[in-house]
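Use these hints to put chains B and C onto chain A, whose structure you have.
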Amino acid sequence: MGRLLLHRLGGLVTTLLLSSVVIFGSLYLAPGSPENVLFGNRAPSAAARAAVRHQLHLDQPLPVRYWDWLTAVLHGDLGRSMVTGQSVAGRVGAGLGSTLLLVALSISLVVILGLGLGTAAALRPGRVDATANALTSLSVTVPPFVASTLLISVFAVKLGWFPASGVQSGLLGQLRGLVLPACALAVVSCGFLARVTRNALREQLDREHVQTAQVRGLPRRVVLRDHVFRNALPPIITAIGLLTSGLFASTLVVESAFAVPGIGQLTIQSVAQKDFPVVQAVALLLVAAFVVCNAVSDLVQALIDPRLRIVGRTT
Amino acid sequence: MRTETTTETTTDQPTAPATAGVSPASRIGVFARVRTALGPSGVAAAAFLLLVLVLALAAPLLAPYDPNAQALLDSYAGSSGSHLLGADGIGRDILSRLMFGSRTSLLGPALVVSISLLVGIPLALLAAWYGGAVDALVARIFDLVYALPGLLLAVLAVALFGPGLTPAVAALSIAYVPFLARIVRVAARQQRTSPYVDALAVQGFGVVRITVRHILRNIAPVVLGQAAIAFGYALLDLASLSYLGLAVQAPTSDWGVMVSDSDALMKGYWLPVIAPGVLIVLCVLSLTVLGARISGERPQPYLRLRGSRRTGASS
Amino acid sequence: MMHGRTPRAALPLAALALLAGTAVTACGSSGGNAAKAAPSSNFNTAQVTTAPGRALSSLTWSGDYRAPYSEDPLKTADYPEETILGNVCQGVLQTGPDYTLDPAVAKAWKQPDARHLVLDLDPRAVFSDGHPVTADDVVYSLLRNQDPTVASNYADAYHDVSSVRATGAGQVTVTFNRDDYLFLRTLGTLGGSVVEKAFAVGSGQNFGNAGTGVVCSGPYTVASFDGTNAMVLKRNPRFWDPAKAGKAETVTFKFLADPSALANALSSGSLQGGFDLPSSTIGQLQKATNGKLYIGGEGSTTQNIDLIVARFTGGLADARVRQALSMAIDRKGIAQTLFSGAADPLYAVAGPGFWENSPARSDYAAAYSALQVQPDLANASQLVKAAGATGQQISIGYAAGVPTEVQLAQVLQQTGDAIGLKVKIIGLPDQQYGSLFIDPKARAAYDSFLTINYLEYPEAATMYSSYATKAGSQNFNGYTDPGVEASLLKAQGSADPRQRAMYVLQAQTVLDRDLPWIPIVQPRALLFQNSAVTGAPLTFSYMAGPWVAAVGAP
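Chains as they are written, first to last, in my numbering: chain A, 1 to 315; chain B, 316 to 630; chain C, 631 to 1184.
Note that these hints are calculated values from the structure, not bench results.
The structure presented is a predicted model; accordingly, all values stated were derived computationally and were not measured.
The beta carbon of each residue, even a glycine, is placed where N, CA and C say it ideally should be.
Heads up, some of the hints might be wrong.
Claimed, not checked - Listed below are the simulated DSSO-like cross-link pairs for lysine-lysine, each with C-alpha atoms no more than 27 Å apart in a straight line: (1) C/Lys917 - A/Lys158; (2) C/Lys922 - C/Lys874; (3) C/Lys1015 - C/Lys1054; (4) C/Lys827 - C/Lys740; (5) A/Lys158 - C/Lys922; (6) C/Lys874 - C/Lys917.
To be verified - Just so you have them, the derived chain C footprint on chain B, three or more residues with Cβ under 8 Å: (7) 376–386; (8) 404–411; (9) 537–550.
Looking at chain A on its own, in the form it has when it is part of the complex (with noise of 0.2 Å):
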């Protein structure tokens, strides 16, 4: 366990350096100027420029500038915005609430309709499992983009139960404003747990002790509880944990097209304009999640792995 924990964190760090390179040389090489953004509209001197682009140190050669961000980094200082001045972090924790937020808001909805979905299909076969099928099939080709125009002109132009776009102030107005972008983002998710769901709970169900168990008498719920249920986690619990990662890249479209002001919306507008030590940051942010999540899907695996084993065993 201490040692998957240690390979798990060493891959996170690897992964998380590597991509800083590749994220930082990319936005190095990238057309235009990121101080250009500080003049508006108007042209300024050469000396004012040279003056801004000393200041944030943009004259300064590729690999020094990446030293310096990464030892920054590493003392806690995660640099200032050249837009704004404030500190990455300000930025960045700002919309870090609306994003954590909405990708559990999703996640909920994606747990308890698609184990939901799944566990109806797997214990009655035949209509509702076509069904659910159906249901399952369709949802799974239905982009966030799309989820997210057909839910905006039903509930909010056809209906106007929930807000087209934007995040009001406080709990109620920010759980209200994310309903509809956790629904388009929820969709294909829902649809792809449902199946992995079913697809476990069918293979248990096949199996020769859930068989022997029931032949044996045993009340159905405690054989699907112990016996179905408990060995058919592990493969749902990854699932779980590559839709949370998913999630997080889905943010990027999904923050858009609702207006919502969280890390996704930060990391396309920061990338228009150009302003390196925030998308740095937010796109770290983004691959430290996708990392993070299936490396704890994988260490919760790890966890119940032998017990299930044991179970499994005795009957």
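Below, chains B and C without anything else, positioned relative to chain A:
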């Protein structure tokens, strides 16, 4: 993830279902065989895709209007004899734009899949054949690429080269390599350990000849199936990027660009936005169904980039 | 494996049914809507403001499409900065809702001759930290505009200023190196704002950053600014002029780029008002019951949307090609369709918004009506042919993030193609689009680009000087014409508005022929105000004055 290791159906079949078309059988025979191989859903999916392909290729002949021809007076005109699906905000015929839009919408993913296959197959075969350190290295590279979500990579590529189809395709091609190559690697490894490969090696056939003439040929259905699914998801990702304004640029018509017409939605006009969205969903649905049928699986559509991150070597 | 058969076969059919279903509903909802009633103006141009408000605890307002880049009033001249910062940093003078110049830090001013401007400071004026505003502070503040390290966005207005000096205890004199009656107006914008010298010098490069801030003498101070989503102002307790003090205790500005989000925020009441609204919000906001959408008439702002010729080489080198393009543009169609009627055709860059309330209105109006023409594709094609430019490629850059610009660029492309040109449009991300205005190298790649331009106050002479004189800050293409240059310099030196108009119109005639900028449309004022508040100006003056002070409870 467990769901992916169920791809053994075609191990020793000399002729794969998908390559049946070239056999000298009579035409009726070919159709019958394709129909059996694909099943009714597969046939329906293939027919739909064929229809879209024909519309795309013959758009200049079939489209009622030039996709860019405007009539400001027809702004948001409803469905009528002159505009079957109505007109958009600057009075362009939506049907014509959908037909021409299918060209960019299909070309992009075709490029992504081709490039990923060209890069991924040799890498995967190399890893499968030599195993050991080579395999581990390739697995590491795939792991790193996996950690960078395709959308993020594309957003960065756009920052680097400016918005357009080319940078988006380039970035997604990189992101899709592991997705396609992993399946190839797993399937090829199964082949590698099967007795007929050893027999061929003993007979003195070269590595290249064995991998290309025999292994690749035997795993072709699996690869083709996965490629079809990848095509669907590349279509989604590219449409998402166009939707964000990062890939296909105005005035070129493209389904993703059409979905992004928030102006229409705000003014209460659904059709210009929903129609391309539904087309995207139908195409992806058909591709996943077809892909699954070709590779001989139940539809397992969501293998996607966030499919299994773990590769055999690291477990 | 087991139960897959039926549903899988049914799926594509079900999906097709879905497509058909949406198509039908969608058709139903959008059928027969081709002719839309254009919104008509709902207030008179003579009405410059809503009724002034009374004390109010808190106000929330739209700060436009993004957060200010800096609190330093000189750093960036754009909507968010100019809407907000004038309430924090007072100008030497201030611009009223009817664009008149009123006293602010200076209680009186006079121009004894065309080359001198004498400002008498109000002895009561104090900064928000309690220090009095001295002549030294004013001199320092104005001269910052000429300091290259500050890179003031208003530097061009100071082009003809040779000195700014304290000429007495409470007196500052500005000296010009040529006759100049136009400079005065700058003092009523952020370009004439006064900051505390000691604080500014002490803060160095951090002056104006979100963490450091500014010290000014306006009715409000910045209470908090998160750099992205919200800037909160609070009433300046040390504000020195009770007559101009703010009514609202705190004012929160929020920044929503997305038109739909903005419309939602306004109609739900989470924002109580906003200026410069995108025309796509009209439908929703007209239905809002919690406030009123004010739609101005023709010329209710100084905003002008133009195609700027980036270089006089390449496709647009020949004036006849520019004339042909201008002749072919369907300005009425664009105004009706792309702006939902909340815009009017524009036939001269300084259109009605610049002279609607001018003493020289009749002169301007007479000249303007002569410029109004119907689109004429046949003659335009002839002109292109005559110039030997048929098939010539022309590129147009535009801001890809602004929906109306995207549509406008596509319309212009079709227009150009229709008269035999080959137009290529290039959508640019924010930052690259912005660099067209400041970086000649970035511009060099395009023949032209779109702009949504404005001047903070209605003065045609200044607008034209900005792009048609050698010293103009917006002279991106190096346009020069001795006649235009001479006329505009004479206009600058004319104290009498009618005489000035005469010179401006001389220049305008030439500019309409040479077309270094091709005017397209002028947006109308579009602003929303919640019924729980009142006092917002109805004119474009919010871009220059401390307008928030008047907003309060009804």
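Hint by hint, here is what the structure shows:
1. With a C-alpha separation of about 14 Å, the suggested pair C/Lys917 and A/Lys158 falls inside the 27 Å cut-off, and the hint holds.
2. Taking the CA atoms of C/Lys922 and C/Lys874, the gap is near 25 Å; set against the 27 Å cutoff, the hint holds.
3. For the hint pairing C/Lys1015 with C/Lys1054, the CA-to-CA distance comes to about 19 Å; that is within 27 Å, so the pair holds.
4. Proposed proximity of C/Lys827 and C/Lys740 is supported: the alpha carbons are some 25 Å apart, at most 27 Å.
5. Distance restraint check for A/Lys158 and C/Lys922: the Cα-Cα separation of roughly 22 Å lies within the 27 Å cut-off, and the hinted pair is therefore satisfied.
6. Distance check on the hinted pair: C/Lys874 and C/Lys917 sit about 34 Å apart at the alpha-carbon level, beyond 27 Å; violated.
7. Here's how the segment 376–386 of chain B fares: 3 of its residues keep a CB closer than 8 Å to some CB of chain C, so the rule of at least three is met and the hint holds.
8. Residue count for the segment 404–411 of chain B with a Cβ under 8 Å from a Cβ of chain C: 3. That meets the three needed, and the coverage hint holds.
9. For the segment 537–550 of chain B, the proposed coverage by chain C is not satisfied: 0 residues have a C-beta within less than 8 Å of a C-beta in that chain, short of the threshold of three.
When held up to the earlier numbered hints, the structure conflicts with 6 and 9 and fits the remainder.
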